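Numbering-wise (our numbering), the sequence shown opens with residue 10 and increments by one.
Treat the hints as calculated values from the structure; they're not laboratory data. This one's a predicted model, so the numbers in the text were calculated from it and none came from an experiment. Hints are supplied without guarantee of correctness; some may be wrong.
Have a look at the derived ranges for each label pair, beta carbon to beta carbon [as the list claims (entries may be wrong)]: (1) K228 / G265: 40 to 48 Å; (2) G47 / R214: 42 to 50 Å; (3) D118 / G279: 21 to 29 Å; (4) L331 / H101: 36 to 44 Å.
Where a beta carbon is used, it is the ideal one built from N, C-alpha and C, also for glycine.
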Amino acid sequence: MPQQPFDVVTVPDFSGKNARLFELRALFFLAFWLEYAGLCRDYPLHLACIGPPPESVRRLAARCNAAITIHTPVQANNGQTINKARGFEVNHQTDHLLLLDTDILVLDDFRAMGDLQGCVAAAVAHRARVPHSYWQEIYPLLELSLPTDQVIVLCQKINAPAALTTATADARYLTLPYYNGGMIFMPWDCPLPSLWVEYVGRIARFFRSRPNAINSVLKSDMAGLAAAIEGLKQQGARFKTIPDPLHGHWLHLQGGLLSLSQIKLFHNTGSFKLPGKETTATATCQWRGFGPAWLYHDLKHTLTRRVHDQCLRLRKRHCHLLNVMKASLTLAYRQQKLYNKYIAPVLS
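Between the sequences and the hints, there should be enough to build the whole structure, so can you do that?
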């Protein structure tokens, strides 16, 4: 089946305390789109903004021919916010959409995502944050059967023998399906959005009164996403896992599973979290005056905290520090170049 264009949607939140953080992420999302998206630059791009976007984002979005819509936050029925659902409300131009977190960087043409058309597709999560005992309550709560398949999350894939598959792995490497909510590909007529919002609310409400319930069911939308996908599968929907090169992460580099050159879309989790509690206005002034310094801080943060928190917990024989260092330097160079080329002009 020939690849067809699809809508690309991201949902930055400019309505709350993290407005400044989302401004920085949105600017780099757009800058990397302009520089590296290749033929995908012609695909419909949408910013479904929670609250009005700053002028800098409007100006750079115009260079990308991106459509901007403004939305209010989405409240699940337990009061929890699930703003990503606003991404499904844009006026689409194609038959499929790719919903992306704003901290994803486009590193190369990603038309291969179109090979998944006709399916719901998501990337396996980096960590299994919901214990099996919780799933044994979640699925009956939602009147669903427990999944019959299992997955190997990214952290376990790094620790596992290289040739391990879900068919040959023992229980210590396997978990019930659990997906990253930062990337979803699906047909526009798929009922996933309404199920996702419903299940997030029902799961959180069920566990809310339980002492010491984990945040992965109280505050995260990923358990609801996994359950919604499973519900669709049990109704006969086709599902595929998004290949690793289309959802690269620092853990792929740290574990030697991918090189940076193999990654098309890079989930740069934790990016641009400014130190301290500066107001948006203060942070904006600091960024506009010292943008490259923030880039240095962000990459230094990557080389220190990330390596210690994520990589050094793994077996040393699986720890590819050189991959991380090379990738960090490469991304630092690209960010600096794109800051000067695209971002500094819209901040002036």
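For each hint, the structure was consulted:
1. K228 / G265: 40 to 48 Å: Violated, since K228 and G265 (Cβ atoms, about 32 Å apart) do not stay within the stated range.
2. G47 / R214: 42 to 50 Å: holds (44 Å)
3. D118 / G279: 21 to 29 Å: holds (26 Å)
4. L331 / H101: 36 to 44 Å: holds (43 Å)
When held up to the earlier numbered hints, the structure conflicts with hint 1 and nothing else.
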